[in-house]
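Student: One line per chain: the protein sequences are A and B, in this order. Just so you know, we're using my numbering here: the first sequence kicks off at 1 and counts up by one. Just so you know, we're using my numbering here: the second sequence kicks off at 113 and counts up by one.
Hints are supplied without guarantee of correctness; some may be wrong.
Simulated restraints, written as ranges between beta carbons of each label pair [said to hold, decoys possible]:
no., chain 1, residue 1, chain 2, residue 2, range
1, A, W97, B, T515, 30 to 36 Å
2, A, R87, B, A127, 39 to 45 Å
3, B, E158, A, A91, 33 to 39 Å
4, A, A91, B, I181, 36 to 42 Å
5, A, K19, B, L188, 44 to 50 Å
6, A, A109, B, A127, 51 to 57 Å
7, A, K19, B, S522, 34 to 40 Å
8, B, R193, A, K19, 35 to 41 Å
9, A, R87, B, L116, 17 to 23 Å
10, B, G155, A, S43, 23 to 29 Å
11, A, W97, B, S603, 47 to 53 Å
The hints are simulated quantities; they were obtained by calculation from the structure and are not laboratory data. Computed from a predicted model, the values in this text were never measured in an experiment. Quick reminder that beta carbons are idealized off the backbone N, C-alpha and C, glycines included.
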Amino acid sequence: MGDNKSDVLQGTLDLMVLKTLEAMSPLHGYGIARRIEQVSGDSIVLNQGTIYPALLRLEQRGWIKSEWGTSETNRRARFYSLSRIGRKKIAEETENWERIAATMARFLAPSN
Amino acid sequence: MDFLRTLLSRFAALAGRPRRDNDLDDDIAAHLDLLTEEHMADGLSEADARRAALRDFGGITQTRESYRIQRGFPRLEQFARDLRYASRQLRRTPGFTLTAVLTLALGLGANTAVFSLLNCILLRPLPVAHSEELAVLQTVRNDDEHGSNHSFGAPFLRALERHHDGFETIAGYSTHPFQVRSNSSNVRVPGAIVSGQFFQMLETPPVLGRWITPLDDRDGQATVAVLSDSYWKTRFQRDPAAIGSTLTIANKPFTIIGVMPPGFVGADPTYRPEIYVPVWAEPIVDAPYNAIESGYHSWWMRMLGRRAPGVSLDRANAALASVSDGILVESIPDAKWIKDARTHHFRFAAEPGSRGYSYMRDTFRRPLVVVFVLCSAMLLLACINLASLLMARAAARERELATRLALGASRLRLVQQLLVESLLIALLGTGAGLLAAPAVSRFLAAVLIGGNGDYVSLDTSLDFRVLVFVAIVAVVSTLLVGLVPAMRATSKGLNEQIKSGTQSIHSRQHRLLPRLLMSMQVALALSWCSAQACWRPACSDYTVSISASSRRTS
Numbered sequence: 001m002g003d004n005k006s007d008v009l010q011g012t013l014d015l016m017v018l019k020t021l022e023a024m025s026p027l028h029g030y031g032i033a034r035r036i037e038q039v040s041g042d043s044i045v046l047n048q049g050t051i052y053p054a055l056l057r058l059e060q061r062g063w064i065k066s067e068w069g070t071s072e073t074n075r076r077a078r079f080y081s082l083s084r085i086g087r088k089k090i091a092e093e094t095e096n097w098e099r100i101a102a103t104m105a106r107f108l109a110p111s112n
Numbered sequence: 113m114d115f116l117r118t119l120l121s122r123f124a125a126l127a128g129r130p131r132r133d134n135d136l137d138d139d140i141a142a143h144l145d146l147l148t149e150e151h152m153a154d155g156l157s158e159a160d161a162r163r164a165a166l167r168d169f170g171g172i173t174q175t176r177e178s179y180r181i182q183r184g185f186p187r188l189e190q191f192a193r194d195l196r197y198a199s200r201q202l203r204r205t206p207g208f209t210l211t212a213v214l215t216l217a218l219g220l221g222a223n224t225a226v227f228s229l230l231n232c233i234l235l236r237p238l239p240v241a242h243s244e245e246l247a248v249l250q251t252v253r254n255d256d257e258h259g260s261n262h263s264f265g266a267p268f269l270r271a272l273e274r275h276h277d278g279f280e281t282i283a284g285y286s287t288h289p290f291q292v293r294s295n296s297s298n299v300r301v302p303g304a305i306v307s308g309q310f311f312q313m314l315e316t317p318p319v320l321g322r323w324i325t326p327l328d329d330r331d332g333q334a335t336v337a338v339l340s341d342s343y344w345k346t347r348f349q350r351d352p353a354a355i356g357s358t359l360t361i362a363n364k365p366f367t368i369i370g371v372m373p374p375g376f377v378g379a380d381p382t383y384r385p386e387i388y389v390p391v392w393a394e395p396i397v398d399a400p401y402n403a404i405e406s407g408y409h410s411w412w413m414r415m416l417g418r419r420a421p422g423v424s425l426d427r428a429n430a431a432l433a434s435v436s437d438g439i440l441v442e443s444i445p446d447a448k449w450i451k452d453a454r455t456h457h458f459r460f461a462a463e464p465g466s467r468g469y470s471y472m473r474d475t476f477r478r479p480l481v482v483v484f485v486l487c488s489a490m491l492l493l494a495c496i497n498l499a500s501l502l503m504a505r506a507a508a509r510e511r512e513l514a515t516r517l518a519l520g521a522s523r524l525r526l527v528q529q530l531l532v533e534s535l536l537i538a539l540l541g542t543g544a545g546l547l548a549a550p551a552v553s554r555f556l557a558a559v560l561i562g563g564n565g566d567y568v569s570l571d572t573s574l575d576f577r578v579l580v581f582v583a584i585v586a587v588v589s590t591l592l593v594g595l596v597p598a599m600r601a602t603s604k605g606l607n608e609q610i611k612s613g614t615q616s617i618h619s620r621q622h623r624l625l626p627r628l629l630m631s632m633q634v635a636l637a638l639s640w641c642s643a644q645a646c647w648r649p650a651c652s653d654y655t656v657s658i659s660a661s662s663r664r665t666s
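Construct the entire structure; sequences and hints are all you get.
Tutor: Spelled out as structure tokens, the structure:
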């Protein structure tokens, strides 16, 4: 899926991260990336490294927060969880996404 | 809100950069470890698992880069880096840097100096409230080849004071040196004779005491005077007891009733009166002359007015024109004079007066503009000079730049870096020029005044207009100076560079630009020199006319 990895739009990746953290918190970068791959049924294979700029972006906006912890392999790593603002944003972003998807569906539907 | 939070955290990230880099590295290391574990659990060897992990992760360098771009202000950090690099380059060649900076400083300094003079005489408004409401009065005759006349006599002043529809306040003034007693001898002090509504019109409250009002400006009233802040400082050491004390002007006592704030100069920006007295006292301070008695034979005042709120200049003009005839009849006892005036459609008119009135303006408008153009030409010359210097310097670095291009640097990036170098030179040159400019301005002002005008003072201090001008000139000169060399130096690919070997074989096109620059330089220099030769005699003409006009007004 070569170049399509960069096509996983920033916005959708953000929403996926938020939903993942809603379901399971706290998680570190590896955990989030892995779970996204699982939930999407391996149809999305992202460069797992791209998760980090996305996490930074979300943290800058104040939607998620991070804490230092120890990973399963005894390494120092950051664990992320949703913030109060992030929880509110999930509903907003989900609605946004569904609206866009519905509009696109109308465009793509065969006209009768 | 999100945007604000992001901005704040970007700011915060500017500090403690190395620590944050380490944080990301820790995260990445932990991530890779877990991926490796996963692959080993699937049965791969440790080495294979590691490789698979790296593949899954994607580019580490790319991740670090996107992270950094997200984190701080990458453009700003890039600019800071370019600045450091440029200053290093400049420090390595101090001779060139000094030459470049001095060249620019000379051009910029001269330009700034002339522009501040221009600003002071031609552009700057009076430092009073709502200066745009002020208008300068004039008398217009259809046969006036010299344009309108700004001089008024006492009869017209008094008549206009009575009929000033369209104007809220109307006043006359005349600048005049006074003979003031100081330590049993008389000293000449620059002063002004002003009518009753003068201070009211300029709407600047006194810092002590009160103004001269219309009540003070009636025949036979007490002789009163208002001081400027600088005179209060030098003569009375800012003692509040100055109010009520007496000043002896032309051997007669004047009571001081008020002090004006610093920065107040009346209605003429090129004259700084220290003492203001009312018009009716003119025969006293002007003794033995008496301009008021000479009536319509003596045109010794200028007049200004403040338009009533809501009245446009056109309406005020119309109002003036309508009262002109009436005033003519009322003030001039000479029937022949009146008939002559009527034949030539004599009327009063008003022109915008936010900058007050100064006779220097008409006299010096053209020479100032000429000098300004000359200095701009000089600056252009300096820039072209600098451009060829920079081109020679860039040519020496062509190989380095071509290599960097081959390694993947974008041309834009390299040009940016070179431009930052010229920006640095421009900034240094501007700084040096600004330091020298005030001294040059003062010198130029002295040349203009030529020792002929009494107490003409030009405030050539830097105000925001001048600073804006300097900033624009600095930026434009940076681009002029730096862009062409930068574009030239990055135009050759590495292949061509290597092919041309140690001796650069330039194509015909390559030689054209330097030759063009050189001919432009010579042409400008020649025309500048010849313009200089013509300017000196022209300037002496003007100094002659100043002394003539200053004799007329005194």
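Student: Work down the list of hints and note, for each, if the structure agrees.
Tutor: The hints, checked one at a time:
With their beta carbons about 48 Å apart, W97/A and T515/B fall outside the hinted range of 30 to 36 Å. Distance hint for R87/A and A127/B: a CB-CB separation of about 30 Å, inconsistent with the stated range 39 to 45 Å. The hint said 33 to 39 Å for the Cβ distance between E158/B and A91/A, and at roughly 45 Å that hint is violated. Checked against the hint of 36 to 42 Å, the C-beta distance between A91/A and I181/B comes to roughly 30 Å, which is inconsistent with it.
Distance hint check: the CB atoms of K19/A and L188/B are about 34 Å apart, inconsistent with the given range 44 to 50 Å. A beta carbon spacing of about 53 Å between A109/A and A127/B agrees with the range 51 to 57 Å that was offered as a hint. At roughly 38 Å, the beta-carbon separation of K19/A and S522/B lies within the given 34 to 40 Å, and the hint holds. Checking the proposed 35 to 41 Å range against R193/B and K19/A shows it holds: the Cβ atoms sit about 39 Å from each other.
At about 20 Å, the beta-carbon gap between R87/A and L116/B stays in the expected band of 17 to 23 Å. Separation of G155/B from S43/A is about 25 Å and conforms to the stated range, judged on CB atoms against 23 to 29 Å. The given range of 47 to 53 Å is respected by W97/A and S603/B, whose C-beta atoms sit roughly 48 Å from each other.
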